[in-house]
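Trainee: So the chains spell out like this:
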Amino acid sequence: MSMLSVRDLGVAFGAVQPLSGVSFDVGKGETLGIVGESGSGKSLTAMSVMGLLPLSGGRITGGTVEFDGQDLTKLPERAYRKLRGGRIGLITQNPMTSLDPLKKIGPQVDDVAKLHLGLDATKARARTEEILGTLRIPEPALICDRYPHQMSGGMKQRIVIAMALAADPDVLIADEPTTALDVTVQAQIIRLLDDLVKERDLALVLITHDMSVVAQTCDKVVVMYAGRAVEHGPVEEIFDRPRHPYTQALIACIPRGLDEATRLTGIEGTVPTVVNYPDGCPFHPRCPRAEAICATDPPDFSVHGDSAAACHFAEVAHAEPA
Amino acid sequence: MILRYTFQRLLMLIPVSFSISVVIFMIVYLLPGDPIDNLLRVGSSEEDRAELVARYGLDRNLIVQYFVWIGNMFQGEFGQAIVLRRPVADLVAQNLPYSLTLGGLAFLFSSTVGMALGTISAIVRHPVLDRLMRGFILLGSTVPGFWLALLLILFFSVNLGWFPVSGAGGWKSLVLPVLTIGFGGVALVARVTRVALLDAQREDFVMLLHAKGLASSTILFRHLMPHALLPVVTILALRIGWILGGAVTVEFVFGRPGLGSLLIRALGQRDYPVVQACLLMLALAVMLGTLIGDVAQASMDPRIREKKS
Amino acid sequence: MPNLLEVRDLSKRFTSAGGPFRKARSMHAVNGVSFDLPEGRVIGVVGESGCGKSTLARLILRLIEPSGGAVNFDGDDLLAKSPSQMRKLRARMQMVFQDPYSAIDPRYTLTRAVSEPFEVQNVTPDKPMAEEVAELLGMVGLNPGLATSYPHQISGGQKQRVGIARALALRPSLLVLDEPTASLDVSVQAQIIGLLEDLRTDLGLTYLFISHDLSLVKYFCDEILVMYLGRVVEALPDTAAPARHPYTRTLMESTFEPDPKKRRLIAPLEGEVPSPFDLPPGCAFADRCPNASALCRTQTPALSSETGHAVACHHPI
Amino acid sequence: QDVTIAFSASELGATAYNPVAASNLNTATSLIYDRLVEQDADQSYHPHLATSWEETPDGMAWTFSLLEGVTFHDDTPFNAEAVQTWIASYAGTENEYLVEAIGSVDVIDDLTVRFNMDRPEPNLLYNLASAFMGIPSPMAYAALGEDFGVTSAVGTGPYELQSFEIGLETVLVRNEDYTWGSDLSENTGPGHIETFTFREIPDQSTAFLELRTGGIDLLLGVPTDFLKILEAEANIEVIQMPGTGISYMPINVTAPPFDDILVRQATGMAIDQDSIVAAVYGGVGAPARNFLISSLPEADVDPSLNVMYDPARAGELLDEAGWMLGDDGVRSKDGERLSVDLFTANSTEFTRLTQVVQAQLSEIGMEATITVFDSSTIRDEYRRNAHQLAVRAYDWNNSDILDWFFSGNRLGYPNVSMWEDAEGQRLNDVAMTESATAAERIANFTAYHEYVLSQHLFVPIYQPTQNIAFNAEAISVPDPVRGSRFRGQSFMDIQVAE
Amino acid sequence: MRVPTMASRSLDAFARMSIGRAFASGIGMIAGGFLVVLVLVAIFAPWIAPFDYAAQNLMNANAAPGWPHLLGTDEFGRDVLSRVIYGARTSLSVSATAIAISMAAGMTLGAAAGYFGGFFERAVMTVVDLTWSFPDILIALIFVAIIGPGLTSTTFAIAIAYLAQFTRLTRAQIVRLKRETFIEATINLGAKPSHILLKHLMPNAIAPVIVVGMLAIGDGIVLEATLGFFGLGAQPPTPSWGAMMSSGTAQLFLSPWVIIFPGVAVAVTVIAVNLFGDELIRALDIRDRLRGA
Ligand SMILES: Nc1ncnc2c1ncn2[C@@H]1O[C@H](COP(=O)(O)OP(=O)(O)OP(=O)(O)O)[C@@H](O)[C@H]1O
Ligand SMILES: Nc1ncnc2c1ncn2[C@@H]1O[C@H](COP(=O)(O)OP(=O)(O)OP(=O)(O)O)[C@@H](O)[C@H]1O
Ligand SMILES: [Mg+2]
Ligand SMILES: [Mg+2]
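Chains as they are written, first to last, in my numbering: chain A, 1 to 322; chain B, 323 to 631; chain C, 632 to 948; chain D, 949 to 1446; chain E, 1447 to 1739.
One should not assume that every hint holds.
[Stated by the list, open to error] Here are the simulated PhoX-like pairs of lysine-lysine, each with C-alpha atoms no more than 25 angstroms apart in a straight line:
hint, chain 1, residue 1, chain 2, residue 2
1, A, Lys114, A, Lys104
2, A, Lys103, A, Lys82
3, E, Lys1638, C, Lys892
4, E, Lys1624, E, Lys1645
5, C, Lys719, E, Lys1638
6, E, Lys1624, C, Lys712
7, A, Lys123, A, Lys103
8, E, Lys1624, E, Lys1638
9, E, Lys1645, C, Lys719
10, C, Lys758, C, Lys712
11, A, Lys103, A, Lys28
12, A, Lys123, A, Lys74
13, A, Lys114, A, Lys103
14, A, Lys28, C, Lys719
15, A, Lys82, A, Lys28
16, A, Lys74, A, Lys104
17, A, Lys198, C, Lys893
18, A, Lys198, A, Lys28
19, A, Lys82, A, Lys104
20, C, Lys892, A, Lys198
21, E, Lys1638, C, Lys712
22, A, Lys114, A, Lys82
23, C, Lys892, A, Lys28
[Stated by the list, open to error] Sample of chain C residues lacking proximity to chain E, with all beta carbon distances greater than 10 angstroms (derived):
hint, residue
24, Pro633
25, Phe666
26, Gly681
27, Asp730
28, Asp736
29, Glu747
30, Pro756
31, Met770
32, Arg894
33, Val904
34, Ser906
35, Thr931
36, Ser935
37, Ile948
In short, the hints are calculated from the structure, not lab data. None of these values were measured; they are calculated from a predicted model. We treat Cβ as the ideally placed atom computed from N, Cα and C, and that holds for glycine.
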């Protein structure tokens, strides 16, 4: 059963529409990867789900965000607040700046349990220490008394995760949780998230720009480009039989050290920005197999088993990889 | 922790105070004119002059003079005013309370009202209110103080007769001067608060606070305000010296006594010891302000506490 | 092949200024690094953030003065050069920087940025400047039509290309690449890497390639130096060599394969990277190392090489 | 029961209530101390602490009988000994000249003293009536030393010093034992008002506003241009008294082009005193034609020596001196423009007057550049001999002011004209020390005055009146005022208005 | 790592600079237009002013606004409008000259401090910070006390009072720019220090300093007015907005126009300067670079 189900989501800031037509489902014990290059709208998707768009002046222009059967786009702010941090947790990209530098760690984490579980100060602290413990943070009591700047990036990211977990959420949204971290630390955090999904039966939305991370952790993938989902499906389908030329190109961009055969060439051209999103298929200016129709008609998703790709040539594409 | 920090900051003030004291000591030698001339009886002889010079120790080597002077300062011995002919300490003691009262009230007024206005303008997103507030802030930070004072006198004292035109008697005489200084101060504090709050709102962690499900008001008061306070405290701390010394215009217009007026008067009369004492007091206030600001910042911000200790 | 670059026991110690109330603290950002870079080869340097990679690059180019050691460039002892000699020499050893966004003066057009090398070295190119610039831009795959653009008008990948063009303007023999793609998207990273590969073959360049991405280094380089807290802990003679240092192995295991079928369980790594300011005695990795012995905590292992595969470990794998 | 008074501009900045040593005294001094004699508006002398006096015909001795039952605020008695110690205490002070002619003081009995003179001094009574000859308690004077007049001031006057904040405020309280007021006041003691608060308001125009808005009850010096407005106010009454000084423009005779007497003379003729009185001072006060106030007999000089407005003649004189009018209206000589510095002090009145003077000088082709200084810097400038012209004023109703401002011993300041002249010095010495009688003194000073005028050392401009304004709803003030100034004797008669 | 630094982003944006953009917004146009007109008025004062600013007419002193004296006359019967017009000359030129001197000196000091660092930097900054924490009016008063009253000393007093601001700002810019990659890259090309300083550091540091200078002209006008009010600035009869107001509080009662109009002139000008400066900051997108200095 899917915990979170996004349908045809669109977002606008004033007149610009940086996001449209994003759909995905994620169920308990499942990890969904959202992958895409910078500016493809990954964070916007996360913000929409969290109901935090108004903070930066954006609004949802269409589609639904269903959580546990209720449409969040119509939820009043007060009720949303209960959900946020309570049943839906968020982990942000940069652990360095995600904690209030003026407050000690303990209270920052305590807040969540106090707010959503109605615990008093001592119980909340006990809970905090317990969670820090489960995240393999040594000496939680000591850590609670520290300030953010006294800790390493990996440790801070764990604190942020602890905050997201404190109220035992059903859904966890992790927006590039490891991008700013070193590889060894990244591996630890990913492992931690993996364990959590299994232990707690979480629904995890893992946003990343790194296909390798997706390959290692996700059950399902949504590939985004220029504010749209271009392909989605089970992770193995996507890697084995990518149907969208963008997905194919993305996979081809990963350096594979031991596999000298493939030479890296990248994708010609540059990622479009919100102000110059192309008509038709957003990828067509860079697409090796683009034809006239691509420049005019936005492609619909064509479904292939569990996966679907928004490409006019999805069938052909798979037959002979670019 | 914070005590240790304070102590360290205090120690660090020693070299600064030393250089300030040298500068202040030297300023007096840059002033043209000679207090001895003011003191000398008309038609007196060179010997009379030499005697006076010796009496005030002006004949000694500059360095010796400096050390004698600074030594005396340390013992709270400010010397005798040359023109006003009384202990400088008395003069300072007589004027300081006026400066402190006026400065203190203006400070209080501008910080409380300024922060309130700044906060309101940062969080209430009403275009008309926003415009009004920005207009007020602009006016407050650009209108010359003495002109504002004149207008206030014209309106409240001359036309309405509510407050005295000048002088330093009773609370009523404080209202207009406090308003005059406060107007600029309020605008400044409001602007800094506003900008700081808007900046703080953009910080990454704020989003996470919202994501925790905290109410906006909680976020404002528990998390944003402390951040906004940091620059406000800095600017207010700097302001201490400004208010004490910068009030001279207001003191002048309202005919109020105070350190500023005393300094101006002493400058005019070339009364070295008084000039030195006033400058030293102001420098002290400035340093104290910075110190208070630093300590207040450190007590609010653990990062500063650590970096500097 | 002769060695274009010989680095011997290069060290850099940073000292945080002590005040009357603060202890001066010092750290070894780079500690006794030695290696040879033969002409035409690519040596990769990998390591985690803060391990001293960029510092090493700067030391080699003498952008900062080392605390000890020697750098020999094409037979010249760099550290013995006077500032003006050094300025001349720079034409032959160039660097591409990590952050393309600030690598070009925002007030310079691309033409001006690319012709600046000639200006500062006071050399006149064989061709007219405009042609030279167009050629350089073409060489790095930029449309010469962009010549009059300002940096803010082009993308990050294009900026990095300009950075490369500037570095190549004076036809250097050595190019130090300090994480040239770390702030770029994967698709652009691939473009740049491809470009660098082409340039290397076309111009016969020698690269010192710095990165935190092991798979990229493995893809791009001939030899790999693994750094940990200022020291080289392992020198892999080729990219297929198995890790002998436990740290290298951790690094390799932490690197994800882009293949969902090759999932593996990542073993948790104990401990944190120690502060470079107060390193424990002995091997800096000891606290996190599964094989650490008492010896590791007292004695720093030297980088010893048998069979050309050097490793600094008391208990190599 | 508390009356607040603002000093006039010229009285600001007193640093001590010490009549013996201080060089700057304000009106409050005259309430703390009594004098031996008082001078009335008609220049006549009246007994006060001295009930009567007698001068020997040769002028070499004066005998004073003292009032009985007078005590100082510290309850020590006022007697002959007190007078003796007091006179002696002037030695070495700036005010020593007041008693210079007195050789010694004999105590004849408890209430009689005799001054033995070194030379006749026709001006003795004038000196004794001056504020600088208020009599302090000898005991307190000795005990307090430098602090006398600062921390406390002890005299026999109708009011006692309660507090003195320098530059700010002086509070006087009634001396309840006072019964010895002079015959210049109706009330001989104690005063009607319990407390007098004297405020120093630096800006006269602020003081004026204070009076209008009820912040003060009495303003001792009203700038003339405010008189009309104050007269129109229902609650405010104005008293005008003859002035005791003049405003004038000293000329530095050592600074070219003023080393040329023709240029000096022409400068004098450029100033239109009548129109200044009419326009700047609203017709109040009188034009000054020479250096002394016209009530002094020495002011009555040969009319041809008086300085009169005559721009045509001024032009001729300048032509004669070689300064020719240029196209731009400025004269020049040998390619040098007739451009001079005009200094003034930074009070509202001076800067106003100076700007009018500047405009009038330009009429004869002299370009004057104004520099405004604060009052003590300007003295430094004079001493440095950096000035050419200046606008200033003095307040003194005795002809010996000529000595003060023109003696060759005081070049720079007060001799702002920088005038050194053997004949002048001779006439000065004669007038100051060799006059045996009042008539002789008048003759000598007139001669000196005439010689000074003949040298064109300054330009007389204006004789102000003393203007006192008060809030008639708060207090009543004696009218007419007796005495040469509005001081102690008049304050005795101030009452709270019904 | 993937996020471009704040500094480089604002540098990028800065390259888009053009003063024209500041005029683009409504407020920018009004404020900027006003300032342009004001400067023209100041330059062409002799042709614009209806009367001679120094011509006295004592018989028509303190006349209320009306015809022919639109803004009334002062205590000497001089035309207030003409004096306000000429006053613009004094106020603008004194303030602009002062700020120009201050900027030149501050930029030199600040650049040297920022570039060389070390003890020199600390010494310069300590002294400069000291003058900074003292109220500018006090600095000006002390300075006037040292070299005497008049426009020259007012100019220098204002210059000194604002020196700290420019020094700090320039230093901050240089220190920040020194960390930019392109500086290191240029050094690595073999550039001499002079090339770095003159071709890269200064040109990039100059824009915020100029904008702050523009804003400081507003403050300078107020300071000049204040000194004039104390009688220390322009000497009579030269009109300056501040000096015109210095004839005492009673003037408020006698002829308030003499005090109100120059004050309005100061206030409106300074407000316009600030508004336009704000627009410049917005147009050049350098708000971030003005922080912390
Ligand atoms: N507040 C905003 N106003 C206008 N446009 C915005 C705003 N926030 C984001 N955008 C635009 O929306 C697009 C998607 O942004 P988003 O942050 O979701 O990208 P992302 O995929 O998370 O990129 P990254 O990998 O860099 O984090 C971007 O092009 C961005 O310019
Ligand atoms: N100029 C400097 N002064 C003091 N410390 C420095 C300086 N430059 C670098 N360091 C320190 O030296 C260490 C190594 O820095 P370096 O930049 O070489 O690391 P790096 O391996 O390049 O890291 P990254 O992957 O983050 O670029 C770090 O701890 C850094 O803080
Ligand atoms: Mg994002
Ligand atoms: Mg680096």
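Trainee: Run every hint past the structure and note whether it holds.
Mentor: Outcome of the hint check:
{"no.": "1", "hint": "A/Lys114 <-> A/Lys104", "in the structure": "16 angstroms, holds"}
{"no.": "2", "hint": "A/Lys103 <-> A/Lys82", "in the structure": "23 angstroms, holds"}
{"no.": "3", "hint": "E/Lys1638 <-> C/Lys892", "in the structure": "55 angstroms, violated"}
{"no.": "4", "hint": "E/Lys1624 <-> E/Lys1645", "in the structure": "13 angstroms, holds"}
{"no.": "5", "hint": "C/Lys719 <-> E/Lys1638", "in the structure": "11 angstroms, holds"}
{"no.": "6", "hint": "E/Lys1624 <-> C/Lys712", "in the structure": "24 angstroms, holds"}
{"no.": "7", "hint": "A/Lys123 <-> A/Lys103", "in the structure": "19 angstroms, holds"}
{"no.": "8", "hint": "E/Lys1624 <-> E/Lys1638", "in the structure": "14 angstroms, holds"}
{"no.": "9", "hint": "E/Lys1645 <-> C/Lys719", "in the structure": "19 angstroms, holds"}
{"no.": "10", "hint": "C/Lys758 <-> C/Lys712", "in the structure": "31 angstroms, violated"}
{"no.": "11", "hint": "A/Lys103 <-> A/Lys28", "in the structure": "34 angstroms, violated"}
{"no.": "12", "hint": "A/Lys123 <-> A/Lys74", "in the structure": "34 angstroms, violated"}
{"no.": "13", "hint": "A/Lys114 <-> A/Lys103", "in the structure": "16 angstroms, holds"}
{"no.": "14", "hint": "A/Lys28 <-> C/Lys719", "in the structure": "64 angstroms, violated"}
{"no.": "15", "hint": "A/Lys82 <-> A/Lys28", "in the structure": "20 angstroms, holds"}
{"no.": "16", "hint": "A/Lys74 <-> A/Lys104", "in the structure": "35 angstroms, violated"}
{"no.": "17", "hint": "A/Lys198 <-> C/Lys893", "in the structure": "19 angstroms, holds"}
{"no.": "18", "hint": "A/Lys198 <-> A/Lys28", "in the structure": "9 angstroms, holds"}
{"no.": "19", "hint": "A/Lys82 <-> A/Lys104", "in the structure": "24 angstroms, holds"}
{"no.": "20", "hint": "C/Lys892 <-> A/Lys198", "in the structure": "19 angstroms, holds"}
{"no.": "21", "hint": "E/Lys1638 <-> C/Lys712", "in the structure": "15 angstroms, holds"}
{"no.": "22", "hint": "A/Lys114 <-> A/Lys82", "in the structure": "12 angstroms, holds"}
{"no.": "23", "hint": "C/Lys892 <-> A/Lys28", "in the structure": "22 angstroms, holds"}
{"no.": "24", "hint": "Pro633", "in the structure": "24 angstroms, holds"}
{"no.": "25", "hint": "Phe666", "in the structure": "21 angstroms, holds"}
{"no.": "26", "hint": "Gly681", "in the structure": "12 angstroms, holds"}
{"no.": "27", "hint": "Asp730", "in the structure": "5 angstroms, violated"}
{"no.": "28", "hint": "Asp736", "in the structure": "5 angstroms, violated"}
{"no.": "29", "hint": "Glu747", "in the structure": "7 angstroms, violated"}
{"no.": "30", "hint": "Pro756", "in the structure": "14 angstroms, holds"}
{"no.": "31", "hint": "Met770", "in the structure": "17 angstroms, holds"}
{"no.": "32", "hint": "Arg894", "in the structure": "25 angstroms, holds"}
{"no.": "33", "hint": "Val904", "in the structure": "17 angstroms, holds"}
{"no.": "34", "hint": "Ser906", "in the structure": "21 angstroms, holds"}
{"no.": "35", "hint": "Thr931", "in the structure": "30 angstroms, holds"}
{"no.": "36", "hint": "Ser935", "in the structure": "34 angstroms, holds"}
{"no.": "37", "hint": "Ile948", "in the structure": "30 angstroms, holds"}
Consistency note: the structure conflicts with the earlier hints numbered 3, 10, 11, 12, 14, 16, 27, 28, 29.
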